[in-house]
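A.B. asks: Sequence:
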Amino acid sequence: MDSKKKMVELEIDEELIASIKKMQDLLCKRLDVELPSQYENLQTIIDQSLLVYFDRMDWYYRLEGREWDTFYENHQGATNIPSRIEES
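For the sequence shown, our numbering puts the final residue at 88, and the numbers step up evenly by one.
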């Protein structure tokens, strides 16, 4: 049994990264604090972008529990992620 996980290359839209940076700035302004230096790291911003993307997907599709787990298993590592999700 191969214990190595298959890695999938994932493209992150620059628009999503810009959106995360803007949210960081707005949050810091609202809390009247400076952005911690570790959050200026591009990898951290990309990680946050992915979390925000999955959060939006969760909200948009309103999946919960087992349904969300199945959806995530089927779509994790997708490379054809839309740049925008139109709200209905």
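The set of hints was computed from the structure by calculation and includes no laboratory data. C-beta: ideal position from N, C-alpha, C; glycine also. Don't take each hint at face value.
As the list claims (entries may be wrong) - Computed Cβ-Cβ distance ranges for the label pairs, DEER-style: (1) E11 / Q38: 35 to 41 Å; (2) E15 / E40: 28 to 34 Å; (3) E34 / Y72: 31 to 37 Å; (4) S19 / R62: 27 to 33 Å; (5) I17 / W68: 31 to 37 Å; (6) E64 / S19: 21 to 27 Å; (7) D69 / P36: 30 to 36 Å; (8) D25 / D55: 15 to 21 Å; (9) S37 / E67: 34 to 40 Å.
A.B. asks: Give a verdict on every hint.
C.D. replies: Verification of the supplied hints:
no., hint, result
1, E11 / Q38: 35 to 41 Å, "violated (24 Å)"
2, E15 / E40: 28 to 34 Å, "violated (19 Å)"
3, E34 / Y72: 31 to 37 Å, "holds (34 Å)"
4, S19 / R62: 27 to 33 Å, "violated (22 Å)"
5, I17 / W68: 31 to 37 Å, "violated (25 Å)"
6, E64 / S19: 21 to 27 Å, "holds (25 Å)"
7, D69 / P36: 30 to 36 Å, "holds (32 Å)"
8, D25 / D55: 15 to 21 Å, "holds (19 Å)"
9, S37 / E67: 34 to 40 Å, "holds (39 Å)"
When the structure is compared with the earlier hints, violations turn up for hints 1, 2, 4 and 5 and for no others.
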